[in-house]
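J.: Respectively, the protein sequence lines represent chains A and B. Sequential numbering from 1 applies to the first sequence in our numbering. Sequential numbering from 277 applies to the second sequence in our numbering.
Simulated from the structure, these hints should not be mistaken for laboratory data. Idealized CB from N, CA, C, for every residue including glycine. A portion of the hints provided could be inaccurate.
[Stated by the list, open to error] One side only, chain B facing chain A, incomplete, derived with CB under 7 Å:
#1 Leu344
#2 Val361
#3 Gly410
#4 Phe438
#5 Leu454
[Said to hold, decoys possible] Calculated pairs, DSSO-like style, for lysine-lysine (alpha carbon to alpha carbon, straight line, at most 30 Å):
#6 A:Lys71 x A:Lys142
#7 A:Lys71 x A:Lys229
#8 B:Lys338 x A:Lys229
#9 B:Lys429 x B:Lys402
#10 B:Lys402 x A:Lys71
#11 B:Lys402 x A:Lys142
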Amino acid sequence: MAGMAEIVSLQEAVAQLVHDGDVVAMEGFTHLIPFAAGHEVIRQQRRDLTLVRMTPDVIYDQLIGAGCARKLVFSWGGNPGVGSLHRFRDAIQNDWPAPVEIEEHSHAGMANRYVAGASGLPFGVLRGYVGTDLPAHTATIKSITCPFTGEELTAVPALNPDVSVIHAQRADRRGNVQMWGLTGVQKEVVLGARRAIVTVEEIVDELDARPGAIVLPTWTIDAVAVVPKGAHPSYAQDYYERDNDYYRSWDAISRDRDAFLQWLEREILNGAGSTA
Amino acid sequence: MSPSTTDWTADEMMTVAASRALRDGSACFVGIGLPSTAANVARRTHAPDLVLVYESGAIGSKPPSLPLSIGDGMLATTADAVVSVPEIFNYWLQPGRIDVGFLGAAQIDRYANINTTVIGDYDHPKVRLPGAGGAPEIAASCREVIVVVRHSKRTFVERVDFITSVGFGSGPEDRERLGLRGGGPSMVITDLGVLEPDPDTAELTLVRVHPGVEPDEVRQATGWDLAVADQVAVTAAPSERELEVLRDLERSSAGAS
Numbered sequence: 001m002a003g004m005a006e007i008v009s010l011q012e013a014v015a016q017l018v019h020d021g022d023v024v025a026m027e028g029f030t031h032l033i034p035f036a037a038g039h040e041v042i043r044q045q046r047r048d049l050t051l052v053r054m055t056p057d058v059i060y061d062q063l064i065g066a067g068c069a070r071k072l073v074f075s076w077g078g079n080p081g082v083g084s085l086h087r088f089r090d091a092i093q094n095d096w097p098a099p100v101e102i103e104e105h106s107h108a109g110m111a112n113r114y115v116a117g118a119s120g121l122p123f124g125v126l127r128g129y130v131g132t133d134l135p136a137h138t139a140t141i142k143s144i145t146c147p148f149t150g151e152e153l154t155a156v157p158a159l160n161p162d163v164s165v166i167h168a169q170r171a172d173r174r175g176n177v178q179m180w181g182l183t184g185v186q187k188e189v190v191l192g193a194r195r196a197i198v199t200v201e202e203i204v205d206e207l208d209a210r211p212g213a214i215v216l217p218t219w220t221i222d223a224v225a226v227v228p229k230g231a232h233p234s235y236a237q238d239y240y241e242r243d244n245d246y247y248r249s250w251d252a253i254s255r256d257r258d259a260f261l262q263w264l265e266r267e268i269l270n271g272a273g274s275t276a
Numbered sequence: 277m278s279p280s281t282t283d284w285t286a287d288e289m290m291t292v293a294a295s296r297a298l299r300d301g302s303a304c305f306v307g308i309g310l311p312s313t314a315a316n317v318a319r320r321t322h323a324p325d326l327v328l329v330y331e332s333g334a335i336g337s338k339p340p341s342l343p344l345s346i347g348d349g350m351l352a353t354t355a356d357a358v359v360s361v362p363e364i365f366n367y368w369l370q371p372g373r374i375d376v377g378f379l380g381a382a383q384i385d386r387y388a389n390i391n392t393t394v395i396g397d398y399d400h401p402k403v404r405l406p407g408a409g410g411a412p413e414i415a416a417s418c419r420e421v422i423v424v425v426r427h428s429k430r431t432f433v434e435r436v437d438f439i440t441s442v443g444f445g446s447g448p449e450d451r452e453r454l455g456l457r458g459g460g461p462s463m464v465i466t467d468l469g470v471l472e473p474d475p476d477t478a479e480l481t482l483v484r485v486h487p488g489v490e491p492d493e494v495r496q497a498t499g500w501d502l503a504v505a506d507q508v509a510v511t512a513a514p515s516e517r518e519l520e521v522l523r524d525l526e527r528s529s530a531g532a533s
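Let's have the full structure, built from the sequences with the hints guiding it.
T.: What follows is the structure, encoded as structure tokens:
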């Protein structure tokens, strides 16, 4: 990747950079989840995506229910603090609206896959998975012997998504992106990606210092789009709080196929919305 | 009106018992739900210096109310340190820096192996559960693991359908054979009592019942022939202070929504 990020609309960013069949990672660990971008992918009716995400919570429940996914690479699929993801379950248990293949890991495994991807290495290494049934069902978990100590460790292949999508608090006019608070795996997922889209709350003249902030330089990103409240119903520290009621209300909407389809029609396909 | 010490639910007893298991000054890897509630009760009662570590990257959080998710804003803004997710697993959990890991379970067997992945066959599941999250490595690497789960035959099963997180595998030598560095489950706290692994066989054994519960009730709620200690102790009922703190926390959480 070279050159500065283009500052474009979200609609343009998704149209230009997300293609049918792509491996797409939308990250944000509870904080700064790029919901608005997920909704735009649904609106543009992308299909056959391999969706990668540690916690495919409500955002991927929506994409799966809308029929965008062919495969899911993940480590925890629930509605945090609420319960199950019903669209995710319906796809896996009943192939609705389409069968979804799964590649299942642990958080530590996924985190190390992203680190390897950002590092330009073929795999990451960790002490993990040993004794569990995961290696028997997931081909991307292998044993490896440490060449120095002889210890048996676990190797997991790098994740290098075709497109990574994250949300951040802000960018400057050149497209340098700044985020703070819980920053999850967002640095790794952008640096490991072939293409990267960042939605931000606002564009400012100067990125003044914030405690604990990280900056992703403009030349690591392809497109920056300004989407205020683009992480709703998750939150953006110092901008807005997590909308816990949305997560709670998602349970009833997602439990029922018709209620979900009505939500999809009303809030996404016919609206600009990110409200439940 | 202050709560009466005879007026409490089995779930409250379970949460209070879990909070008491946390030693002041220890570092505790906290999942959302009951573990987070128990840890926050402990921090407000006997363990003010308990270090709450959340997998979202918040270390030493002091949340003023109960968070709904493991990444709520208040966890970061009240933390001693905020780190990335790769860092929390690689630098903090993996090297054995965390004293206690708290886990829940959809199924658990006599060696405290835990399933949170699927009920039924993996490829054609009867119920697809959320999956592993941080649990496999929490179970492997924390100095000890405390499991908190409601007691029923559906949950306490002869064989788990899927091993998501290893307890003692198939017996006392397994953790060492597998190279797991943490000590494994030290207790399983339920709404009926407390099970601990037998020091010789590693099999979960009923060592304590909550007030009003008979050991036989616990055996009947267990899907295998549950071992019972020669002397079964009785948990001290929740104190007024513990109940007050617990109920305040739950109220503040409900009010925050």
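J.: Can the restraint linking Lys429 of chain B and Lys402 of chain B be considered satisfied, given a maximum Cα separation of 30 Å?
T.: holds, 17 Å
J.: With a cut-off of 30 Å on the C-alpha distance, tell me whether Lys338 of chain B and Lys229 of chain A pass.
T.: Roughly 27 Å separates the two Cα atoms, so the pair holds.
J.: Hint check: is the beta carbon of Val361 of chain B less than 7 Å from a beta carbon of chain A?
T.: holds, 5 Å
J.: So, Phe438 of chain B near chain A? Judge it on the closest CB pair being under 7 Å.
T.: holds, 5 Å
J.: Hint validation: Leu344 of chain B versus chain A, beta carbon distance must be below 7 Å. Holds or violated?
T.: holds, 4 Å
J.: A closest beta-carbon separation below 7 Å is what the hint needs, so does Gly410 of chain B meet it against chain A?
T.: Given a least distance of 4 Å, the restraint on Gly410 of chain B holds.
J.: Given the hinted pair Lys71 of chain A and Lys229 of chain A, is their alpha-carbon gap at most 30 Å?
T.: Judged against 30 Å, a Cα distance of about 28 Å means the pair holds.
J.: Tell me if the straight-line CA distance from Lys402 of chain B to Lys142 of chain A falls inside 30 Å.
T.: holds, 28 Å
J.: Holds or violated: are the alpha carbons of Lys71 of chain A and Lys142 of chain A at most 30 Å from each other?
T.: Distance of about 21 Å is within 30 Å: holds.
J.: Can the hint on Leu454 of chain B be confirmed by a CB-to-CB distance to chain A that is less than 7 Å?
T.: holds, 4 Å
J.: When you check the alpha-carbon spacing of Lys402 of chain B and Lys71 of chain A, does it fall within 30 Å?
T.: holds, 20 Å
The structure meets every hint from the earlier list without exception.
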